[in-house]
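> Residue numbers (our numbering), protein chains in the order written: chain A, 1 to 251; chain B, 1001 to 1251; chain C, 2001 to 2251; chain D, 3001 to 3251; chain E, 4001 to 4251; chain F, 5001 to 5251.
Watch out, some of these pointers could steer you wrong.
Claimed, not checked - The list that follows gives simulated cross-link-like pairs (lysine-lysine, BS3-like), each with its CA atoms no further than 27 Å apart:
#1 E:K4192 - F:K5110
#2 F:K5192 - B:K1192
#3 C:K2088 - D:K3110
#4 C:K2078 - C:K2088
#5 F:K5249 - A:K249
#6 C:K2192 - D:K3192
#7 A:K88 - B:K1110
#8 E:K4110 - F:K5249
#9 C:K2130 - C:K2078
Because the hints were derived from the structure by calculation, they are not lab data.
Letter by letter, the chains look like this.
There are 6 protein chains.
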Amino acid sequence: MAKASKSLKLAGKPAPARGKPTLRAIKGGKAVPAKASAKPPASKPAAAKPAAKPSPFKPAPAVADDAPVIALNLPAAKLSPAMSAYFKKCQDRLGFVPNVLIAYAFDMAKLETFVAMYNDLMLGESGLSKLEREMIAVAVSSQNRCYYCLTAHGAAVRQYSGNPLLGEQIVMNYRVARINRRQRAMLDFAVKLTVQPWSVEEVDRERLRRAGFSDRDIWDISAVVGFFNMSNRVASATDMRPNTVYHGKTR
Amino acid sequence: MAKASKSLKLAGKPAPARGKPTLRAIKGGKAVPAKASAKPPASKPAAAKPAAKPSPFKPAPAVADDAPVIALNLPAAKLSPAMSAYFKKCQDRLGFVPNVLIAYAFDMAKLETFVAMYNDLMLGESGLSKLEREMIAVAVSSQNRCYYCLTAHGAAVRQYSGNPLLGEQIVMNYRVARINRRQRAMLDFAVKLTVQPWSVEEVDRERLRRAGFSDRDIWDISAVVGFFNMSNRVASATDMRPNTVYHGKTR
Amino acid sequence: MAKASKSLKLAGKPAPARGKPTLRAIKGGKAVPAKASAKPPASKPAAAKPAAKPSPFKPAPAVADDAPVIALNLPAAKLSPAMSAYFKKCQDRLGFVPNVLIAYAFDMAKLETFVAMYNDLMLGESGLSKLEREMIAVAVSSQNRCYYCLTAHGAAVRQYSGNPLLGEQIVMNYRVARINRRQRAMLDFAVKLTVQPWSVEEVDRERLRRAGFSDRDIWDISAVVGFFNMSNRVASATDMRPNTVYHGKTR
Amino acid sequence: MAKASKSLKLAGKPAPARGKPTLRAIKGGKAVPAKASAKPPASKPAAAKPAAKPSPFKPAPAVADDAPVIALNLPAAKLSPAMSAYFKKCQDRLGFVPNVLIAYAFDMAKLETFVAMYNDLMLGESGLSKLEREMIAVAVSSQNRCYYCLTAHGAAVRQYSGNPLLGEQIVMNYRVARINRRQRAMLDFAVKLTVQPWSVEEVDRERLRRAGFSDRDIWDISAVVGFFNMSNRVASATDMRPNTVYHGKTR
Amino acid sequence: MAKASKSLKLAGKPAPARGKPTLRAIKGGKAVPAKASAKPPASKPAAAKPAAKPSPFKPAPAVADDAPVIALNLPAAKLSPAMSAYFKKCQDRLGFVPNVLIAYAFDMAKLETFVAMYNDLMLGESGLSKLEREMIAVAVSSQNRCYYCLTAHGAAVRQYSGNPLLGEQIVMNYRVARINRRQRAMLDFAVKLTVQPWSVEEVDRERLRRAGFSDRDIWDISAVVGFFNMSNRVASATDMRPNTVYHGKTR
Amino acid sequence: MAKASKSLKLAGKPAPARGKPTLRAIKGGKAVPAKASAKPPASKPAAAKPAAKPSPFKPAPAVADDAPVIALNLPAAKLSPAMSAYFKKCQDRLGFVPNVLIAYAFDMAKLETFVAMYNDLMLGESGLSKLEREMIAVAVSSQNRCYYCLTAHGAAVRQYSGNPLLGEQIVMNYRVARINRRQRAMLDFAVKLTVQPWSVEEVDRERLRRAGFSDRDIWDISAVVGFFNMSNRVASATDMRPNTVYHGKTR
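Chain A extracted, bound-state conformation:
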């Protein structure tokens, strides 16, 4: 069970994937410098004058969370040409490769099916806007308390909507968001399907239809709900860490 020695660290800019770097430098139970160097909040911060002048606080540091992407030791595979091109496109357009892709990159078949399904669902043609699909992603991830997905898709909601509050609200409690009736019905369905899937019945589909959704839209809502119920669990099971760059987007 020898571990490869290079860890793909992807905050900001990923190192090019080559050889067999591991996605994880830690193994269960062993303390690891990467973690140790993660900022533990000092028990008694120097800057502890509360309720003080407008800026009693230290400026936020350019955080570099150099923890591994996931808590499993899975050596990265060689990227297929398609995936290599896709990662390059991410780097060019977003400025980084999302960590979820790094996580799946130990196996090209798994990475490619994940990317294909993600892109079809979240970016393909649909009666739902891309923002709406991201809103579902966040509402579902909030129920499952998934750190990775709340961070990455919370940023997407802020970006697509241009409304920093909206992203925060759906992360915290979607019921407080000032959204229209259609979107509220959509999120109510998404949360019910997440929390009590066994109790969804015709009356729930009818409620969506009355809110203006077609049967195809209902499929799409359900498929996005399903997808994030999958992704949330893969992320939680592996302690997947989001790229730190997401945190500061569109605040």
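Please arrange chains B, C, D, E and F on chain A, whose structure you already have, making use of the hints.
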């Protein structure tokens, strides 16, 4: 929003997909002959002599649940050559096309990504046996009370194990199954990840490692758990109905 | 705390109760041949060619789960004349004595009151058909995930209704069963009374009355719900095992 | 659906059962004098000087809750000789007939099996003291929030123990009771079996054995837990009202 | 971490607070005479003839639960003049100082803010009667199963209403209380806000307005609900014990 | 029930409180311009090119959520001299008056007791650092999904720690935060006390002591947990809205 008039009914043997038949003849709220003809248990069955001789019961009829596959009206798309071949292969080997494939067949991109992910996860190479992956599928689906998946994958557990009881036990309460320590650890993890994904931590991964699973195995367990948390919700959201043929398999 | 040495094994046909055979050969923690011989699914079954031709699977073996009836070491008492006659009647009509009776047979007073209450509730006069009472038994047992009762009464629903699907559906998620409005109201009440008994109020009784139930029917529904909430707990507390013969009935 | 006109009112002393008096004068939805006369707390009681001298409060009135015993209209049956003698014995020894017996008295078969099971479980021979069985009854009923059983069996715990606090504590939260290790293990098991029966396994039985319970004791604990999970539901389903005399016992 | 040696024991009449008595003689894990002397119910009480004559039970002893007020070792501070006067007033009017005040008396700032908030909320001007505020206190504490608050405020409901049953009913299950529509709406809101605060929305406030509550009343209901959700947790976290005198009040 | 016409709108800088301005311009059910003008995310935002170049998104607007502070119509009272000074101090040091203070400002007694308790708990002397108290505030508020408190105290955690990630992590799922053993024990206790207060026992206090907390620290942790269980409910019950300025702090 005119509906095509032919419903793909797939108990036993599906009609060949042609033209634009709909997957659903019902629309929310309207009563429909298909449903009406579904066997409602008579309130007072004629054969009501209980605790009678060994066979006081009517022989089980050859049930033909001609309900539509899902409760959404999604006209079937033309099968792509790859999918057409795949459906034919299902028909030849299993004797039927699983209804979940019919359900996705309104859109070839969705059908193909679903099939690719399913086949990679459930039939691809892994440290988990195919039976073990099916056991996870059923344990997860039991938590989510998913009729479709419990029926189809319960049959698979019975078939792969050659043990009719094992399938029933995991459907009902996996804790009563006489399985080995490794498999019990695997199902405990699967159920925790399904029910409280936010609470899965390093200690849970360590438990799997101590039970003999590699980090790659942990990924595979997590991915199967995730996949069925997705499929359970798509099936529940759409009232997906399993092929009736599953019920009688390996009893 | 010496244990008697004969275990009543009742799959198929019980040995006649004589002397002081114990109902259980195991004691907590000690491994026991009976269990060891229970079929643990092989990690990698030989017959692992999935999605193969119509019958890639081994024929289901005639399973003989020779585990003890319950996980408590309770020496069987001498059957009273009434109970002896009753066991004989079970053997003659059903072909076996239900394991729950074997479990109670360590004490004639307990066995007789259990049998009296069971027979009055499930077979006595009532506005509910015997099938309906069995449907309640299964819906309740599904909430409590009781292996014994789901197996025995799931078989009864299949037998009384002559509809193998109906039994499976109520085991898995009663909401998917194609039942009439009256029966749906009955099962909704049964499940609410099982899961949140404190929240049942006049409005719930009114809903049953509007669905056509008399006040006496409401008592009977409640009493059957109560009875299985009792039996489920006795069965779970003692790890009661159903006769294997139930699994294959009316499939 | 004509209603008989006499209601058995049993606070203090029951009227002799004769003819076909009903157990309930109300029918769903109709307001009824009996209820109207039940003391609704005045919104602004005259005696509203709080934190006043030692007795700023009105003396507790001799409350006569003349509400019907249950919220179902079930005409009382003629008591069988055995039950007639039993009711007389209750009246002589306790000073009243417990309302649960009045509730079941619409049908002699049901009344007699209930009484037989109750007496065997709660008063018959057992390794558990009568107090311990009552403690289980109350701990279970607290989880199910059953007004009838908490009142009647809370009084029994106070009486058997001679400790008014103990009864209150188990009604409110059994974890605060100053009980010994054996009794704590017993109540922990009872509550787990009530709330999550599916999760009870060998490890739980072992915990009881280590606390000193025999396998027969474990059966008895389980049977009492089961019995009150039944009774709680019958009482909640029918809005069964305890005799008011219980409230003041052993305070 | 030396402990002061005197424990404030306050059943009945508190010793005057002087020097630095501790509120607790126990420290985690160590057995302590005070606890040991608490009445453990004898396993098999002598007076075990159940269903016997009207008084088969020992008279309730004058229980003196001399356990410490809380399970934390916090030396009592010197009472400020205001608090000294307040404690004297409690002693004069109620006959005792409520243990919650003793518990907070290790720090005058905390005691004074607690008393100020309590008195404003529970005794200050409001559209809610004092009884209604106590009803909310008990309904909330029942959800949180708080022994201290159920005991102290259950007594208050009995006293303010002059109805011993009402206090018991709200402790056990507020849904069985015979209260008017306004009070039922109030308690439904209180319980929802306690159990699922995130799900309270405009529709819930509207329900209160329709039941006759003003916006200021809604604030007051919410503030009392909030206050007891705080107090319940402080009491549970510290194992706070109510004065035994409460148990016998207004029975 | 005439409503005063001026609403205190406090994003950024509150209007000086004078006369009797209302805290709320809406009344249940009536649509209101303030809300209508809140940014509903457009269904199909113009800037919908996802996965595009680094900045495909509109710049975040300077959001001015001019919704009322709470959803109750409570005319503001005249600030007492103490509170007037306190509001001025907030304005000077923070640049704004926190909306929770505006919400309480309809009644000086309530405002003053709230401020006194808050300042004692969160800013007074304690073995817990101010950051640790804020971490508890956020972990509790996450369980209760309280938008107001997560926003205001999430910002405080970011500010005190100088670590933007830490605030986000505790909002989303405190288990992913890289904190030390002491702080993890503290948050585990806080969350258990929030979710299942009835189950907190000596073993839980011992766990805190072993992690280095004194009995006084345990009180402080419990009191902060209690306080936010109160505040979360007052905020949720009244739909309290945080100052928008919090969202952008220390990102």
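> Next step is simple, just say for each hint if it's right about the structure.
Do the hints match the structure? See the list:
| no. | hint | result |
| --- | --- | --- |
| 1 | E:K4192 - F:K5110 | holds (23 Å) |
| 2 | F:K5192 - B:K1192 | holds (18 Å) |
| 3 | C:K2088 - D:K3110 | holds (25 Å) |
| 4 | C:K2078 - C:K2088 | holds (14 Å) |
| 5 | F:K5249 - A:K249 | holds (13 Å) |
| 6 | C:K2192 - D:K3192 | holds (19 Å) |
| 7 | A:K88 - B:K1110 | holds (25 Å) |
| 8 | E:K4110 - F:K5249 | violated (31 Å) |
| 9 | C:K2130 - C:K2078 | violated (31 Å) |
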